[in-house]
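Engineer: Work the whole structure out from these sequences, hints included.
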Amino acid sequence: MSTTSFGERRGTFWDLLRFEGVKLCARRISWVPFVVLGMVVVLVVIVFHHLQFNHMLALFKNAQLGFTSKADFINGYYLAAHAMNPAFHMLIPIFITVAGGLMVAGEAEAGTLRACLVRPVSRGQLLLSKFCWLGVYALALSFFYLILLILLGIANFGVGNLYTLNFIFHNGQQGVSTIPELEVPVRFFCAGLIASAGMMVLASLALLVSALVESAAMAYIITLSVYFVELTLYAFPALDWLYPYLFVTHMNRWQQCFYDHMKVGDIYVSLVHLAGYLVVFLSAAVFLFKERDIHS
Amino acid sequence: MPEAGPLLQIEHLTKIFRRGWLRGPKDLCAVQDLSLTVPKGAVYGFLGPNGAGKSTTLRMALGLIHPTQGRVSIGGHDVACERLQALRRVGAFVESPSFYKYLPGRRNLELLSGLSGGASSEEIDGILERVGLQGRADDRVKVYSHGMRARLGLAACLLPCPELLILDEPTDGLDPHGIHEVRNLIRSLAADDGLTVFLSSHMLGEVENLCTHIAIIDHGRLIVEGELESLERQHRRWCLETTRATEAMGVLAERLGLDAASVPKRPNVLQLSLGGKPPEEIVAALSEGGVPIRSFSPEANWLDRLFLELTSTHEADHGQPKEVA
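The listed protein sequences correspond, in order, to chains A and Y.
Number 295 marks the last residue of the first sequence (numbering that gives the first Met the number 0); no jumps.
Number 324 marks the last residue of the second sequence (numbering that gives the first Met the number 0); no jumps.
Please note that the accuracy of each hint is not assured.
[Said to hold, decoys possible] In silico EDC-like links for lysine to aspartate or glutamate, alpha-carbon gap of 20 Å or less:
(1) Y:39 / Y:192
(2) Y:276 / Y:205
(3) Y:25 / A:292
(4) A:289 / A:108
(5) A:289 / Y:77
(6) A:289 / Y:258
(7) A:262 / A:239
(8) Y:39 / Y:77
(9) Y:100 / A:108
(10) Y:264 / Y:298
(11) A:60 / A:259
(12) Y:39 / Y:10
(13) Y:276 / Y:258
(14) Y:39 / Y:298
(15) Y:141 / Y:94
(16) Y:276 / Y:287
(17) Y:141 / A:108
(18) Y:100 / A:213
Since the hints were derived computationally from the structure, they do not count as laboratory data.
Note that the structure is a prediction, hence the values are computed from the model and not measured.
Structural biologist: Following this line, the structure appears as structure tokens:
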């Protein structure tokens, strides 16, 4: 059969990046997590103003630090380091899961996915462009929260050495870590990067699940279930043989940045693991998305 | 008239949906060995009852669903192997046009056309004017009515410069005014711009009005395909009203070899197929046979009748052939 000479018009990867970027920014729900995180930071600051931290004083006294009031150890860095845990365990993963779910399954549900796929765009490139923006989004949420915490913390409580109780960060050792004031910003930067890398792995998992189901709600539920099951397993010390295989173990490695002596080797190993998980999840997402039928 | 050569060719297309052990033991065969040829320049009506496999076929034609067997090619490019080349000059919507509701209509067009290489703001303005949305282009799609979304859907299909339009029930849900406008637009796109249009529809009158070719499918199988004129010649009946019906039946049988049937409750009316003969020949034969003619006119809604006959016959023949053990 003769070939009709169709033009060379098609959507390039840059067109797709622009397309996804505009959609992500134009959607109001994309901005809600920033508002929520902002409110959480304000709430944390208010709580830090009102709490007396007597239990912490007692713990620090046991560690022979001789603090007499909360002003001796509470500062912007202390606030930021201690408020990172809940957000990076719960809030930010939930926001990223929702964004990932909306990007593919949400669009499939709304019918806009097929509106894109009836055009000359590569399915693989479409998914990768979505991942790029989801990665940027994860990075933006992580650093927005962290920077806001540090700035508001410093504005309200000043700066100083960072004192952390080791057991809070699950390294299995009791005691207090003291990080000199000048070293703290670098530690936060490293923690932020490692936490963001963890969030990007979660983003790739969210995208994988989202590429497989046709309902955004199903995508959130499955992704969060996987994440919370891993967190639950991670909470049982008896299952420590399982830890190296759980991606949450490596996602939480940022906590080591707040130890006296940061185990750089462990951090590298975790980063390699996270990169592996990311590549596996993303490759699986692209492969399965290319192969699946779009019924929505 | 359509030019020669197929623009869209569907060959032995089959789609079996595997249900898996969770959803029951039987697979579902949505489309079975379907072959269609859409010539360049044609307006091709794709008809079938609900669940006949129309949307599945359209989805396979657009690469949204992978066929179990068979091949679809657009402009000579195999959709399975060369999807990007095949879709470069295709404008399409399946089921219903969908948009990003939080964005204005114009922005939706800019973004979607960007995926096909982009369109200038002048081109977008021109298309918006053509579909009658220029006054509402900057409103968010969420405030659009159903009819406005359908028009925006057509506008999105027209950017940038398609050669083939694939439309799934383009007038579905529109008011009579909207239906008229969309039909006129499709007619003008085919006649003035030379586009090939492949549309599925339930509205047989619409297909009769617009299309040069039709295909009817049922239970995933092709029942009839061809040029509308030729099918009309073959299947359209004529109604003869005369005061001497019995005599007329005799004349038609003897002189022309045609079988005429009387219409129930209307003894003076006969229905007959012309068998390719021109109506003038029938009238002349009746006049020569001394049969008075009150009226001799083509059957209205012949396509509706044909559709109902063919699809119901097919159902009687095959029952429910969709499930595959």
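Engineer: When the structure is checked against the list of hints, which entries are broken? Sort them ascending.
Structural biologist: 2, 6 and 14
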